[in-house]
Amino acid sequence: MTLFLQQIVDGLSSGALYAATALSLVLVYRASGFLNFAQAEMATFGTFVVWQLWIWGVPLWAAVSLSLVLSFFGGALMERTLIRPLTRSASHLTLIIVTLGVMLILLNGAGWIFDFGVKEFPSVLGGPVVELGPAVISRQSLVVICTVFLLAAALWVLFQHTRIGLVMRAAVDNPESADLMGLPTGTVLTISWGLAAAIGTLMGVLVAPQVFLAPGMLLPTLIYSFTAAILGGLDSPQGAIVGGFIVGISENLAGSYLPGIGADFKQAVALAIIMAVLLFKSEGLFGTKGVIRV
Amino acid sequence: MALLEVAGLHAGYGALQVLHEVDLTVDDGDITVILGANGAGKTTLLRALSGMLPARGSVTYDGTELLGRRRNPARMGIAHVPQGRGTFGTLTVEENLRVAGYHRPAREVESSIRRWQEFFPRLGERADQPAAGLSGGEQQMLAIARALMSAPRLLLLDEPSLGLAPKTTRGLFEGLKRINDETGLTMLLVEQNARLTLAIADHAIVISAGRTGEKRPAAQMWQDETIQRAYLGD
Numbered sequence: 001m002t003l004f005l006q007q008i009v010d011g012l013s014s015g016a017l018y019a020a021t022a023l024s025l026v027l028v029y030r031a032s033g034f035l036n037f038a039q040a041e042m043a044t045f046g047t048f049v050v051w052q053l054w055i056w057g058v059p060l061w062a063a064v065s066l067s068l069v070l071s072f073f074g075g076a077l078m079e080r081t082l083i084r085p086l087t088r089s090a091s092h093l094t095l096i097i098v099t100l101g102v103m104l105i106l107l108n109g110a111g112w113i114f115d116f117g118v119k120e121f122p123s124v125l126g127g128p129v130v131e132l133g134p135a136v137i138s139r140q141s142l143v144v145i146c147t148v149f150l151l152a153a154a155l156w157v158l159f160q161h162t163r164i165g166l167v168m169r170a171a172v173d174n175p176e177s178a179d180l181m182g183l184p185t186g187t188v189l190t191i192s193w194g195l196a197a198a199i200g201t202l203m204g205v206l207v208a209p210q211v212f213l214a215p216g217m218l219l220p221t222l223i224y225s226f227t228a229a230i231l232g233g234l235d236s237p238q239g240a241i242v243g244g245f246i247v248g249i250s251e252n253l254a255g256s257y258l259p260g261i262g263a264d265f266k267q268a269v270a271l272a273i274i275m276a277v278l279l280f281k282s283e284g285l286f287g288t289k290g291v292i293r294v
Numbered sequence: 001m002a003l004l005e006v007a008g009l010h011a012g013y014g015a016l017q018v019l020h021e022v023d024l025t026v027d028d029g030d031i032t033v034i035l036g037a038n039g040a041g042k043t044t045l046l047r048a049l050s051g052m053l054p055a056r057g058s059v060t061y062d063g064t065e066l067l068g069r070r071r072n073p074a075r076m077g078i079a080h081v082p083q084g085r086g087t088f089g090t091l092t093v094e095e096n097l098r099v100a101g102y103h104r105p106a107r108e109v110e111s112s113i114r115r116w117q118e119f120f121p122r123l124g125e126r127a128d129q130p131a132a133g134l135s136g137g138e139q140q141m142l143a144i145a146r147a148l149m150s151a152p153r154l155l156l157l158d159e160p161s162l163g164l165a166p167k168t169t170r171g172l173f174e175g176l177k178r179i180n181d182e183t184g185l186t187m188l189l190v191e192q193n194a195r196l197t198l199a200i201a202d203h204a205i206v207i208s209a210g211r212t213g214e215k216r217p218a219a220q221m222w223q224d225e226t227i228q229r230a231y232l233g234d
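Residue numbers (the numbering used here), protein chains in the order written: chain D, 1 to 294; chain W, 1 to 234.
Hints may be right or wrong, so weigh each one.
[To be verified] No farther apart than 25 angstroms at their CA atoms in a straight line, the calculated lysine to any residue pairs in the SDA-like style are these:
1. D/281 x W/133
2. W/167 x W/178
3. W/215 x W/38
4. W/215 x W/37
5. W/177 x W/195
6. W/215 x W/10
7. D/281 x W/89
8. D/281 x W/90
9. W/177 x W/125
10. W/167 x W/121
11. D/281 x W/130
12. W/215 x W/5
13. D/281 x W/132
It should be emphasised that the hints constitute simulated quantities derived from the structure, not laboratory data.
So here's chain D without its partners, still in its complex pose (with noise of 0.2 angstroms):
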C-alpha cells in the first residue's frame, strides 16, 4: 500500500511537469495548428539563462524573472521569424522539421555556451520531505505541483475573463472570421507563442534542481508531454492537465507494478496510450472533434 501510494505521488510529481510542457504544446498547436518539438529544448535554454545570471551573482527570484520576459519575446520571435513566413507556404510537417531544426540548434548552442556538463541549480524551496500520509514528497515537488494549477488557473482567467483571451479563443476557432472583423489574430498567434516558452522555462527552472540542468535535460520527458497533450485532445488546455496527471501516474504505476517494464522501459507505456488514443478515441478526452493530428 506504501509503495502504492508513494508511486501515486511520485507520479504526480512527473505528471505536473508532463502537464506544464504539454501545456505549452497545447497553446503554439491551438494557434498553429503543430506540436513544437523544441519546445523543451526551449525550456532547457531560458532554464540555462536563470542558470548563468544567478552565478553571476543576480538574486534568483529576478534571474527567474528576466529570463522569463525574455522566454517570452524569444517564443514570440521564432513565431515571428521563422514560423510565420513559412505558414502560408509551407506544410505543417516542413514547419514541424523547423522546429526539429530548431531544437537541436538550441541543443548544441546550449552544449556550445554553457558546456554539456551537468550543473547543479538551486532549489526554489528546499528543506526536508513533506509526509503525505506513509508516503513523501518533496518540497520542490509540492512547488512544481502548485506551480501547475496555478499555471491552469491563470490561463482560465486569460481565456475566460480578458479580451485579448477572447480574441484568441476566436481566432482558434475560426482564424477567417477573426481576419475578417480585423481582430488581431497575428498578435494572439505570437502571444500564444510567447505565453508556452515562458510557461516553458518556469517549469524548467523548478524542475532543474531535480533533473539537474545539461542541455537536453528535458528530452526525455517530451515524449509524456506529448502524450499528455494528445490524451487530453490536443487544443485544450484542461486536457493537457488532466492528460499530464493521467501519464504520470500511469507512468509510475507501471513501471512498479507490470512485470518487464521497470524503471528502463517506461517510455512504452507513453507509447502505448498515444498508440490508443489514435486508434479509439483521436480528439482525445477533452479535444475538439475533427483536429487533425499530425
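Assemble chain W onto chain D, guided by the hints.
Below, chain W without anything else, positioned relative to chain D:
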C-alpha cells in the same frame, strides 16, 4: 452620395479569374442588392471588397481608395457577414457579440450587446449557450448582430437566406429592413433569392459571369422580364 464606388474591379483565385469587369455604386443609407446565379461571382465580389482576395481596379469607400492599402476594411467601418455565417461555434452567443466589439470602448460594447439582444430576442435568451448549438436562422441572426457590434457604416451580406426556410428568411429580411430604417445603415447584399431581397432593397444590380449590369431601382427590377424568368421562377 455614393458611400462605395467600385470601378473596373478584377479579382479571382490565382489563375482563375472570376470578376472581369465590375462597376457599381452603393449610395449612403441604401439597401443595394446584387442578384446573380451560382458562380456569377457574388461571393468573390464581397471577398474582394473586404480585402480577402487580391484585386485590380478601384474600390473607393467614403472617398478613400481601399485597394492596395494594408489597413483591414473592418477597421474602417465595413462589416462582412460571410456565406455560411462564420460564427465562433465554441464561444457563447454573447461572447460572439463581445469579441466583435473589440475595437470599441468597453461601455459602448456592453450597451450595444444589450441593444442587439433586444432587437434579436433569441440571442438574448441564448446568451450563455455555445453558438454551435443555434439553429440556422439563429446563426444568421448572430452573424448579423455580430457584424453590427462593430458599429459599421457599410454592411456586406453574403447570401443571408442560404439554407434557411422561407419563413425564417422573411423574418430576417424584415429585421434588416428595420435596421436600415432605424439607423440608416448602408447595406450591400448579394443574393440568389430575388423575390425577398427586391422587396426590401432600394436598388438592384445583376451580376453574371463576373460582369455587372446597370443599377436600377428595385421596384423597376421587379418588372423586368429576364429577371422574372431567371430569378423569380415565373
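Which hints from the list above does the structure break, by number from lowest to highest? none
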